[in-house]
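These are the residues of each chain, in order.
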Amino acid sequence: MYRLYGARRCLATSAESQARQSQFNVFDRRAKLVQRSRIAQLNPQLSRKKEYLRDEVALKTIERLAFITRDFTKVLDFGSHSGNLLKNLTIKTEIPVGADYAETEITKQLNNDKLVIQDKIKQLYMLDSSKELLYRDIDEPFNKQFKGEVIRCVGDEESFNHTCLEQSDQYDAVISNLSLHWINDLPGTLANINRILKPDGLFMGTLFGGDTLYELRTSLQLAEMERKGGISPRVSPLVNVNDIGTLLNRAGFSMLTIDAEDVVVGGFPDIVSVCEDLQAMGEQNAVLSRANTLPRDVLLAANEIYKSLHGETDDKGVTTLPVTFNIIFMIGWKKSDSQPQPLARGSGQVSLKDVL
Amino acid sequence: MSLNKKIRPAKRLVNATGKCAVEGSLYGQCILQKYATIRKDDCAKEFQAFQQCVNANIAK
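Which chain is which? The protein sequence lines are R and E, in order.
The C-terminal position of the first sequence is numbered 356 in the numbering used here, with every residue numbered one higher than the one before it.
The C-terminal position of the second sequence is numbered 1060 in the numbering used here, with every residue numbered one higher than the one before it.
No lab work stands behind these hints, which were simulated from the structure alone.
Worth double-checking, as some hints may not be accurate.
[What the hints assert, rightly or not] So, partial list: chain R residues that the calculated Cβ filter (under 8 angstroms) puts toward chain E:
| hint | residue |
| --- | --- |
| 1 | Met255 |
| 2 | Leu299 |
| 3 | Leu300 |
[Stated by the list, open to error] Keeping only pairs whose Cα atoms sit at most 27 angstroms apart, straight-line, the calculated DSS-like set for lysine-lysine is:
| hint | chain 1 | residue 1 | chain 2 | residue 2 |
| --- | --- | --- | --- | --- |
| 4 | R | Lys50 | R | Lys131 |
| 5 | R | Lys120 | R | Lys74 |
| 6 | R | Lys316 | E | Lys1040 |
| 7 | R | Lys122 | E | Lys1040 |
| 8 | R | Lys49 | E | Lys1006 |
| 9 | E | Lys1006 | R | Lys50 |
| 10 | R | Lys228 | E | Lys1011 |
| 11 | R | Lys32 | R | Lys49 |
| 12 | R | Lys92 | R | Lys108 |
| 13 | R | Lys74 | R | Lys122 |
| 14 | R | Lys50 | E | Lys1011 |
| 15 | R | Lys122 | R | Lys92 |
| 16 | R | Lys108 | R | Lys198 |
| 17 | E | Lys1011 | R | Lys32 |
| 18 | R | Lys32 | E | Lys1006 |
| 19 | E | Lys1011 | R | Lys316 |
| 20 | E | Lys1019 | E | Lys1034 |
| 21 | R | Lys49 | E | Lys1011 |
| 22 | E | Lys1045 | R | Lys198 |
| 23 | R | Lys60 | R | Lys144 |
| 24 | E | Lys1034 | E | Lys1045 |
| 25 | E | Lys1034 | R | Lys228 |
| 26 | R | Lys228 | E | Lys1019 |
| 27 | R | Lys32 | R | Lys122 |
[Stated by the list, open to error] Computed Cβ-Cβ distance ranges for the label pairs, DEER-style:
| hint | chain 1 | residue 1 | chain 2 | residue 2 | range |
| --- | --- | --- | --- | --- | --- |
| 28 | R | Glu149 | E | Lys1040 | 57 to 63 angstroms |
| 29 | R | Asp262 | E | Ala1056 | 35 to 41 angstroms |
| 30 | E | Lys1011 | R | Pro141 | 30 to 36 angstroms |
| 31 | E | Ala1021 | R | Pro44 | 34 to 40 angstroms |
| 32 | E | Gly1018 | R | Lys228 | 24 to 30 angstroms |
| 33 | E | Ala1021 | R | Asp119 | 36 to 42 angstroms |
| 34 | E | Lys1019 | R | Ile151 | 41 to 47 angstroms |
Bear in mind that the values here come from a model prediction, so they are computed numbers and not experimental data.
Ideal Cβ positions, reconstructed from N, Cα and C, are used throughout, including at glycine.
Kindly generate the complete structure, drawing on both the sequences and the hints.
Shown next, in the form of structure tokens:
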């Protein structure tokens, strides 16, 4: 058993010494790249199967894009993963079996939205740091269904030095789904996204918010506290929804729309299945100061605490574990003179007192 | 080498807790009562009983 354990450990990414990293760095981007690429390379089927969250968010993005009556001639999918946006744009959503009138209409509307947006996009640039992920689905039929041109760019999302990202004021819209949460310098990256947008261009992004995986986070913290007497970072620090406005403003976006939604995935039998799913998504721990192992007793304790604190028991007495993903949706526009501006202070002609 | 073909050690460990649900939930309940002021070994007694049960099951 221990030999097998040793073989498994060679698949783990070890934490780097902190001294070589900048003091502002929280995430180990090199390890993250290895983690995300590995699953796409070793087991593409599993990698596809565990993308339910990305597909769901891609559909929600399509719904939101449909509300914007604009031309999206040149679009960048920043941190595109395997191209979930492209996939969901081109593949028709099936009407679920036994759907009622409302559901049927919503699905029809969604499929209609897909066609409208597809027609608008003439060039879709997809940028991701992992070559394995970006090219994983290149032979899938949905690539050919897309009428516009697809350009894949392998480049680091944080260093922003790819030729696709060089020229300023070039994209009509930048979309980024569930990728920005591994960026160390979020203000800098958002400012760079702002730079490459045309004036009055659209940025639409999603990001994991602070309550994501709170069940896993609290169970591991309690278990480690009770067993070892201290805690180590097992779950990433995440952005709070209240800070997004400031971040986007600082990056130069105006007319912001921010909202958050909890997606709860239920039915996990134990904590190891939760971690296996996260690993298959390429979302395992990549905090620089992470511990390299999870001791057996902490794992056992965390599993029981997860069950007791957050478990859901059905009528048959079977306890399953829910996992919460807190997804923040943000929309911002690059500043432009053509946008409606507030009038100067004191220039009002009508007294509110007379109206009310 | 591909992922998820063999049972991982962590999975085998957690699978062994299936027969120790009573001991496990006792430990969970103990944490639930004390979580606001948790300290090291607050539920050591419950955990010992639970771990003994798991070890007995994993050896089989």
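Of all the hints numbered above, which does this structure not satisfy? Sort the numbers upward. When the structure is compared with the hints, numbers 1, 6, 7, 16, 22, 27, 33, 34 turn out to be violated.
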